[in-house]
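Protein chains: 2
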Amino acid sequence: MKETDLIKQITPSFYRRSSVVTGIGDDGAVIKPPSGHELVVVADAMIEDVHFSFNYMDLSDIGHRVLAANVSDLIAMGSEPLYYLITIGVPSDYNHNDIQSLYDGMNELAKVYNMDLIGGDTTSSSKLMISITAFGSVLPNKKRLRFQAESGDVVFVTGNLGESGYGLHLLNDDPKSKDNYFINRHKRPVPRQAFLQASQSLNRICLNDISDGISTELNEIAEASLVNIEINYESLPVHQDMTKLNSTFLKQLVLSAGEDFELVGTCSVQEWKQLEQLSQKLNVPIKSIGSVTSSSSNPKVNLIESDQTTILERKGYEHS
Amino acid sequence: MKETDLIKQITPSFYRRSSVVTGIGDDGAVIKPPSGHELVVVADAMIEDVHFSFNYMDLSDIGHRVLAANVSDLIAMGSEPLYYLITIGVPSDYNHNDIQSLYDGMNELAKVYNMDLIGGDTTSSSKLMISITAFGSVLPNKKRLRFQAESGDVVFVTGNLGESGYGLHLLNDDPKSKDNYFINRHKRPVPRQAFLQASQSLNRICLNDISDGISTELNEIAEASLVNIEINYESLPVHQDMTKLNSTFLKQLVLSAGEDFELVGTCSVQEWKQLEQLSQKLNVPIKSIGSVTSSSSNPKVNLIESDQTTILERKGYEHS
Chain E
1 MKETDLIKQI
11 TPSFYRRSSV
21 VTGIGDDGAV
31 IKPPSGHELV
41 VVADAMIEDV
51 HFSFNYMDLS
61 DIGHRVLAAN
71 VSDLIAMGSE
81 PLYYLITIGV
91 PSDYNHNDIQ
101 SLYDGMNELA
111 KVYNMDLIGG
121 DTTSSSKLMI
131 SITAFGSVLP
141 NKKRLRFQAE
151 SGDVVFVTGN
161 LGESGYGLHL
171 LNDDPKSKDN
181 YFINRHKRPV
191 PRQAFLQASQ
201 SLNRICLNDI
211 SDGISTELNE
221 IAEASLVNIE
231 INYESLPVHQ
241 DMTKLNSTFL
251 KQLVLSAGED
261 FELVGTCSVQ
271 EWKQLEQLSQ
281 KLNVPIKSIG
291 SVTSSSSNPK
301 VNLIESDQTT
311 ILERKGYEHS
Chain B
1 MKETDLIKQI
11 TPSFYRRSSV
21 VTGIGDDGAV
31 IKPPSGHELV
41 VVADAMIEDV
51 HFSFNYMDLS
61 DIGHRVLAAN
71 VSDLIAMGSE
81 PLYYLITIGV
91 PSDYNHNDIQ
101 SLYDGMNELA
111 KVYNMDLIGG
121 DTTSSSKLMI
131 SITAFGSVLP
141 NKKRLRFQAE
151 SGDVVFVTGN
161 LGESGYGLHL
171 LNDDPKSKDN
181 YFINRHKRPV
191 PRQAFLQASQ
201 SLNRICLNDI
211 SDGISTELNE
221 IAEASLVNIE
231 INYESLPVHQ
241 DMTKLNSTFL
251 KQLVLSAGED
261 FELVGTCSVQ
271 EWKQLEQLSQ
281 KLNVPIKSIG
291 SVTSSSSNPK
301 VNLIESDQTT
311 ILERKGYEHS
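Protein sequence lines correspond, in order, to chains E and B. First residue of the first sequence? That's 1 in my numbering, and the numbers climb one at a time after it. First residue of the second sequence? That's 1 in my numbering, and the numbers climb one at a time after it.
With the rest of the complex left out, here is chain E (with noise of 0.2 Å):
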């Protein structure tokens, strides 16, 4: 389909923010972010065959997934999500409903964050390629940044680990299997905006997003923050039906499978217990795992399991 037919397609009947002075249909888009505030921005792109297959994806669901794993990046910066730009390649063969199914994917998870789409790009490709670069808007004392850890903080994380790659896993064994709790966590996670309101009061968070496995997020932290991490295996919050799985795969889950795009972060002991009790309030299951235990120039992040200490290495996924 032509560029020109798809833009009109595309393009909203009016803008959620107030602060999208030109939205798209000029040379680019024109915002005035909130005063007094700064302007957070990511970036996060999936290809086909790399990051999804149409084997057990549809395309409302690939919408849905690039466009969240943006907004978790936002939340992550401790930001609130505001606008976002889709440049995407498209096969040929793909026609007007296959790109209404991919932007009402995106559409249904904006709408939840009140989010506009201001603009983008679109190219032919012989592989579905979409790239997404999103805003959000935080107050500068409010930023989340992975090198604030501290010695002595306590080390949380937000939901259940694993439970994205569990479902991806279920999907690659039966790619027709039935929607269930873990599938739905891989193909339409939904990102904690929740905790921006809960950890709003607090000072001080170091928070990172669960992209890539908790062993790589938390190995980051340590290395931004020059300090030492030590988490307890049995303190990692898993959910019921997978403690019966294999020990190996389950720890692999745990540590390493990522893409579940909750929480993981640290703040002052003095802090913690007023975040666990906002969390609560707020629906966000939160749960100490660990602590900083000091400041280090070679950081580290051990695991502890049956009172045996292991150095915990980034396992998590890269794509190489």
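No wet-lab data here; the hints were simulated from the structure. Hints should not be assumed to be uniformly reliable.
Same chains, same label: a pair holds when it works inside one copy or across any pair of copies.
[Said to hold, decoys possible] In silico DSS-like cross-links for lysine-lysine, where the CA-CA straight-line distance does not exceed 27 Å: (1) Lys111 <-> Lys142; (2) Lys32 <-> Lys142; (3) Lys315 <-> Lys8; (4) Lys32 <-> Lys251; (5) Lys300 <-> Lys287.
Fair warning: this is a prediction, and the values are worked out from it, not measured in the lab.
Fit chain B to the known structure of chain E by using the hints.
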């Protein structure tokens, strides 16, 4: 190569713009755009074998060209280029040096505009894919939008038309052909930054960059502004060396080839003299090519050639 290694490789040691609060190295970048300004956001992607071929472009050319396309959009909105994000899909056989060449090509151009690379995403891909989102700042009353043309305006264009298309033609004929002026205009287009300064004092300019050919750009202006436009074929600026070309081929290049990243726009007769003089001072070649003849609910672009008038349809290159 691993994403973590790539991120280390491309992370700059300093940021040129003080408005970069947090650059590469977290879930997202944080920016604080100049106070009182609005932020312009543009996106432009290029995919191997769709937008370029390795038969005649190297990785550094490609990096240069995709950033140039984005910068050109920023300028066409009247905004000063500030930052950019890159999402790339990289074939598995690319090495450290390949990636470096690609980023070097971008960085050479970024230096000219004092732009910063502030983030992005990297993934594997069967074909090279580059998607850039770029940011510029503009004072609210200096935006140059395509719906701002008014009846009576002068229509102008910068530089010469069809040069990039002619360069591509030369390369298709002989991919090993030695660099010449036209080939460089295709491989290494330089957006018209000086036009920003030349036009700064004007109250109103309607502006597009010529990415899809002047026939498409003029139709976009006519439709967005609800005006009729008339241009004179004999007035269109063409390089001396191209005047010897077959007239049908020349016409196609001049009207439809696009990708020159020159600018086309309109302004009032009163301000045109001023724009012409300021442009001359700053070495921006600029030429009047016609006029906005009337308001219209059924906008058309007329082409006058040897006293014959025809309707100029959108014929620019569209990736279908």
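Here is what the structure says about each hint:
1. In this assembly of identical chains, the alpha carbons of Lys111 and Lys142 lie at most 27 Å apart only when taken from the same copy (24 Å versus 32 Å across copies).
2. Taking identical chains as interchangeable, the C-alpha atoms of Lys32 and Lys142 lie at most 27 Å apart whether they share a chain (20 Å) or sit on different chains (14 Å).
3. In this assembly of identical chains, the alpha carbons of Lys315 and Lys8 lie at most 27 Å apart only when taken from different copies (18 Å versus 44 Å within one copy).
4. Taking the shortest alpha-carbon separations for Lys32 and Lys251, neither the intra-copy value of 46 Å nor the inter-copy value of 42 Å comes in at or below 27 Å.
5. Taking the shortest Cα distances, Lys300 and Lys287 sit within 27 Å of each other inside one copy (21 Å), while across copies they are farther apart (64 Å).
The structure does not agree with numbered hint 4 stated previously, though it agrees with all others.
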